[in-house]
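Participant: Dock chain B against the given chain H, drawing on the hints supplied.
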Amino acid sequence: MEGLLSVSVGTVFWASIAFISVLLILKKMAWGPILKTLEEREQGIANALKQAELAKEEMASLKSGNEQLLKEAREERDKLLKEAKEMGDKMRAEAKDRAASEASQLLANAQREIETQKNAAIAELKNQVASLSIEIAEKLVKDKLNDAEKQNALNSKLIQDLKAN
Amino acid sequence: MHSIQNNVRMMRSWLMMALMTLGVVAYGQHETHAVAAHQKSDSAAVAVGHAEEAHAEEEKFNPGEMIMHHISDGHQIHFIGKLYMPLPVILLNHGHLEVFSSSNFWDGFNEKGELKFKSYTAASGTTYENHHEKIVISSGEGHGHESEHEAPMDFSITKSVFGMLFIIVLMLVIFRSVAARYKAGANKAPTGLQNAIEPFILFVRDEVAIPSIGKKKAGVYMPFLLTVFFFIWMCNMLGLIPFLGGFNITGTLSITLVLATLVFLITSFSGNGHYWGHIFWPPGIPFGIKLILVPIEVLSIFIKPLVLMIRLTANITAGHIIILAFVGLVLLFGQNSAVAGYGVGVGAVLFMIFMFFIELLVAFLQAYVFTLLAALYFGDATQEHHHEEDHH
Numbered sequence: 001m002e003g004l005l006s007v008s009v010g011t012v013f014w015a016s017i018a019f020i021s022v023l024l025i026l027k028k029m030a031w032g033p034i035l036k037t038l039e040e041r042e043q044g045i046a047n048a049l050k051q052a053e054l055a056k057e058e059m060a061s062l063k064s065g066n067e068q069l070l071k072e073a074r075e076e077r078d079k080l081l082k083e084a085k086e087m088g089d090k091m092r093a094e095a096k097d098r099a100a101s102e103a104s105q106l107l108a109n110a111q112r113e114i115e116t117q118k119n120a121a122i123a124e125l126k127n128q129v130a131s132l133s134i135e136i137a138e139k140l141v142k143d144k145l146n147d148a149e150k151q152n153a154l155n156s157k158l159i160q161d162l163k164a165n
Numbered sequence: 001m002h003s004i005q006n007n008v009r010m011m012r013s014w015l016m017m018a019l020m021t022l023g024v025v026a027y028g029q030h031e032t033h034a035v036a037a038h039q040k041s042d043s044a045a046v047a048v049g050h051a052e053e054a055h056a057e058e059e060k061f062n063p064g065e066m067i068m069h070h071i072s073d074g075h076q077i078h079f080i081g082k083l084y085m086p087l088p089v090i091l092l093n094h095g096h097l098e099v100f101s102s103s104n105f106w107d108g109f110n111e112k113g114e115l116k117f118k119s120y121t122a123a124s125g126t127t128y129e130n131h132h133e134k135i136v137i138s139s140g141e142g143h144g145h146e147s148e149h150e151a152p153m154d155f156s157i158t159k160s161v162f163g164m165l166f167i168i169v170l171m172l173v174i175f176r177s178v179a180a181r182y183k184a185g186a187n188k189a190p191t192g193l194q195n196a197i198e199p200f201i202l203f204v205r206d207e208v209a210i211p212s213i214g215k216k217k218a219g220v221y222m223p224f225l226l227t228v229f230f231f232i233w234m235c236n237m238l239g240l241i242p243f244l245g246g247f248n249i250t251g252t253l254s255i256t257l258v259l260a261t262l263v264f265l266i267t268s269f270s271g272n273g274h275y276w277g278h279i280f281w282p283p284g285i286p287f288g289i290k291l292i293l294v295p296i297e298v299l300s301i302f303i304k305p306l307v308l309m310i311r312l313t314a315n316i317t318a319g320h321i322i323i324l325a326f327v328g329l330v331l332l333f334g335q336n337s338a339v340a341g342y343g344v345g346v347g348a349v350l351f352m353i354f355m356f357f358i359e360l361l362v363a364f365l366q367a368y369v370f371t372l373l374a375a376l377y378f379g380d381a382t383q384e385h386h387h388e389e390d391h392h
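Protein chains in written order, with this note's numbering: chain H, 1 to 165; chain B, 1 to 392.
Chain H extracted, bound-state conformation (with noise of 0.2 Å):
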């Protein structure tokens, strides 16, 4: 028991020296650079993770900004389809318009062509008419002149008439 309990001065001496140099060894070559580097690797981590965040927040804020940009375009069209449609409309109406107006022009012009034409021609059928009576007329007259007796009669006849005018 007396080798487990005693405390050798030899061997204190030794590993005084011993642990105490390979501490500050250690302390200089190993733990001061593991542990320096330990935490830079943390702190980069961490600023990655932290650029990660803004990276996504920038994502969303990109996001809802196309978005917006998206319902912006997508708001014009509409305006501009609904414009161009209203254009067009209005377009048609007019065209119907005119077409109508044209229309009932040429319809008026017509009526009033036939109308003229027409009143040429009851005045040349008027004055056909009137020569032709005044031909059958004179034919009938020259035949009935030409018997004294008929021609008689027709004066006593004329005569009449124009007695009871």
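Do not take every clue at face value.
Claimed, not checked - Simulated pairs of lysine-lysine, DSSO-like, Cα-Cα distance not exceeding 30 Å:
{"id": "1", "chain 1": "B", "residue 1": "Lys183", "chain 2": "H", "residue 2": "Lys36"}
{"id": "2", "chain 1": "B", "residue 1": "Lys188", "chain 2": "B", "residue 2": "Lys215"}
{"id": "3", "chain 1": "H", "residue 1": "Lys36", "chain 2": "B", "residue 2": "Lys215"}
{"id": "4", "chain 1": "H", "residue 1": "Lys28", "chain 2": "B", "residue 2": "Lys183"}
{"id": "5", "chain 1": "B", "residue 1": "Lys216", "chain 2": "H", "residue 2": "Lys36"}
{"id": "6", "chain 1": "B", "residue 1": "Lys304", "chain 2": "H", "residue 2": "Lys28"}
No lab work stands behind these hints, which were simulated from the structure alone.
Facilitator: Chain B only, in chain H's frame:
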């Protein structure tokens, strides 16, 4: 990817199993050999000196002696059977330095296969003896009792010192190569050995140092805590490796004493006014109780590191003793009948395998406990806030 990881894990566990079985066999082989030799020499007259004669029961296998031989410090490393490695003996005799190999004390083997010792006369003319691993100056009348001898100051590289130096060289090699990876830059992904070491460094920093000392001050103590942690752990593990001389470095009181003293010195030197104030004049306590409390507090300054020292030594030594005791049990039964020996052997080997697993855990646990308590003491010494009551 997954199956490779599984294979590696399986190989690792097989290796561990193999290692442990080997350990059991190693202890067993050596002792069986000793007993066999012992039984042969049953009737042979043993006349090596009065050291042997003094023990009437020498013929019987003595498990206590076997266990002590394995866990005690010594001047040579015993691998297996008759394979010994000499270590340098460094003595300081009245200001005169003597350096020679411990093999100078060797005098062959006795019939039991045990190393015999003789006296050795150094170049200076002084004759020394290895008396139960304690170097004494020979009185010239052969062997005698230890108390009759004058002992020189022994600065020898003993088994434990050698083991410690081995671990220190190993630590320097491992951590230098790992540190080189870190010096390459923070952007490099960890590789190889770095991956094995880093979790433990982070463990010491995040689970031990920062919770005990606080984030701001922990950095100052990290080098000490890391060195102590890895030193104790690796020494504990070296003690578990068979064929390697049964190192019991962290079970050597002289070495744990150094570690505990360092903890004591660091705690005392970093103690702030708050810390010393609580020891010598605890605030908020009536005068009468102060008279009782102050001596207790002063004692506790010394008791704390003392407990650190004893806990580590006792735990590691106890682990070795338990495993060796089971080996002894087998040999003790085997001495009476081979059947009993084998019968007990099966149970004992199973229990030893279990103990080896426990010891693997204890090896880590004790390193952790020592580091954690050291960190708690440092934290106590440096804290500013009024948390003192929580610890009492």
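Participant: Are the Cα atoms of B/Lys216 and H/Lys36 separated by 30 Å or less?
Facilitator: holds (14 Å)
Participant: Straight-line Cα separation of B/Lys304 and H/Lys28 no greater than 30 Å?
Facilitator: It holds: about 29 Å lies between the C-alpha atoms, which stays within 30 Å.
Participant: Would you check the hint for H/Lys28 and B/Lys183, treating anything up to 30 Å between C-alpha atoms as holding?
Facilitator: holds (12 Å)
Participant: Run the distance test for B/Lys183 versus H/Lys36: straight-line Cα separation, threshold 30 Å.
Facilitator: holds (9 Å)
Participant: Can you confirm whether the C-alpha distance between H/Lys36 and B/Lys215 stays at or below 30 Å?
Facilitator: holds (14 Å)
Participant: B/Lys188 and B/Lys215: Cα distance at most 30 Å?
Facilitator: holds (25 Å)
Taken one by one, the earlier hints all hold for this structure without exception.
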